[in-house]
Amino acid sequence: MTLCAGPGDVLSPSVTVVSNTVTGSERTVILSRPVAALTADHYAIPTSPGGINVIVAVGNTHDLAYHAHRTGAQLNLLPSKVPSCICEPQSTTYLTYMNTTTSKFAVNCVDEPRSDMLRHGDTTGRELPNAACHMQTYNGGLQCCAHKNFLTDLEQDSLIPNKTDTYFLKWRFVLATCCFSCLQCQSHCVCFALRYYFQEYVPANPANNTPASHLSLYHWVFLIDDAVNDYEEDNAHYGQASMGRITAHLNVDTMGIENRPTEATNVTFLVRDNLCFSSDWLCTAAKSLRAANFMWHARS
Amino acid sequence: MTPHCHAPSCIREEIWNADTGEILCNVSAEYGRPEYGSLNEVFNEKDYVAIPPCIFGDQAGLQTPWTLPFGTNITAIKYLNNTYRHLGQMAQWTGLIHYPGDAY
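Top line first, the protein sequences correspond to chains A and B. Just so you know, the first sequence maps onto residues 1 to 300 in the numbering used here. Just so you know, the second sequence maps onto residues 1 to 104 in the numbering used here.
Just chain B, with the same shape it has in the complex:
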């Protein structure tokens, strides 16, 4: 799963299982930085934002996918830099699911 938000204000998005207090995914926005190269370089501009996903899977090194019952309460929080006003902002979450027992 992954959040969706915009530069330059997006700082972090979190999604929680509100019933258990477990955090399901926590994503911090990554912006272009000098240590990655010139800030004039494509995709590393000062306010170019990259939003890493939370990757779940059964392979080694991946976090085991969450399986949640329907009805589980969810809380989604977006933290943002509101030093200045920003319009047209978004705070979405999106992803792919699988229903246990679904056929191949």
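Just chain A, same shape as in the assembly:
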């Protein structure tokens, strides 16, 4: 039996064969080795309950060669002198809408220093996680916002009128006094990116007739949490005027920078659009975003 195959250094022997017996078509080999690692290169067997991932393989030739059969497995270490659970309990939470649809609620807020969300996340400064970090405390947000979902109680369904909301989008264009490569135009032009402002990050050079560059712009975005997009803002005293805050800590490498060239050592920040919402009612926001995307595609 080979415990590990492939390039590397041959380890000094640490395993003792206790017995090697054959009964019918089955061979049983019992091995023994100390819990502690023989050297720094050897594996130290954990002394607390838990799983050990192992790979096993068997050959069918006398010479060292690629194994004939191999598989992976897990050895589960359990306490031998006290009762313990054989299976680690796991819980999964789901959101159900009107008892008709079910979606998994999977949120893992990242610990500090990346974000306040997990430990100081309720925006008051108290040592509380943000309510959006756990299903048990979640009051609503993106997880509830799906097509044809209304943010009402179950018994209010019959009260929802059969009306269509009207919402407005406001777009601001900045006209660049140059021609972009994607459009051949004579004077002012608006180019492919409806949602973007433009500026001359590389100025035009009349000396060699080089136009200002608007290419090689890459998008970046980061959220208040590493993975959780929307969060809840709470208060210490409901209705008492107060200003809260929430903070994120990261670095330029983890700001969602895209298409980083391997030789690049720094990056220059320019500008992007802003999105305006007429309320904090999340579904309105989501509709605006979907409509914005539609318009972008429709006009590009």
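Accuracy of the hints is not assured; some may be wrong.
[Stated by the list, open to error] Looking from chain A toward chain B, a few residues come up when the C-beta cut is under 8 Å (computed):
1) T124
2) L128
3) W220
4) A248
Honestly, the hints are just simulated from the structure, not real lab data. Heads up, the beta-carbon is just placed ideally off N, CA and C, and yes, glycines get one too.
Could you slot chain B onto chain A? The hints should help.
This is chain B only, laid out in the frame that chain A set:
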């Protein structure tokens, strides 16, 4: 670059170079106000929010773009009105970058 947040609670978002203490962009949310016209007017409703961007560029009148080494520590702060509870809030930052030396 520009922050992303929602009405009616968003007050201001700041993004800082934590290594130098320089503020890279500071944006206050603008809401519909009577001096801009009727609060029933589209885009000037009482809780309609506009979020101006920080515009960097080489043209006259624009702030020179920040160029930051990779590894620079960044702190982002959102200030908000939490007099009442608000759900589904966001505190994002987004923008466009350029890698110095990139070809046209």
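Return the status of the interface hint for A248 (chain A): holds when the least beta-carbon distance to chain B is below 8 Å, violated otherwise.
Interface hint status for A248 (chain A): holds (5 Å vs cutoff 8 Å).
Hinted contact L128 (chain A) with chain B - closest CB pair below 8 Å:
Violated: closest Cβ of chain B sits about 13 Å from L128 (chain A), beyond 8 Å.
Identify whether the interface hint at T124 (chain A) stands, where standing means a beta carbon of chain B within less than 8 Å of its own.
holds, 7 Å
So, as I understand it, the hint says W220 (chain A) touches chain B; can you test that by seeing if any CB pair is closer than 8 Å?
Holds - the Cβ of W220 (chain A) comes within 8 Å of chain B, reaching about 6 Å at its closest.
Checked against the numbered hints given earlier, this structure breaks only hint 2.
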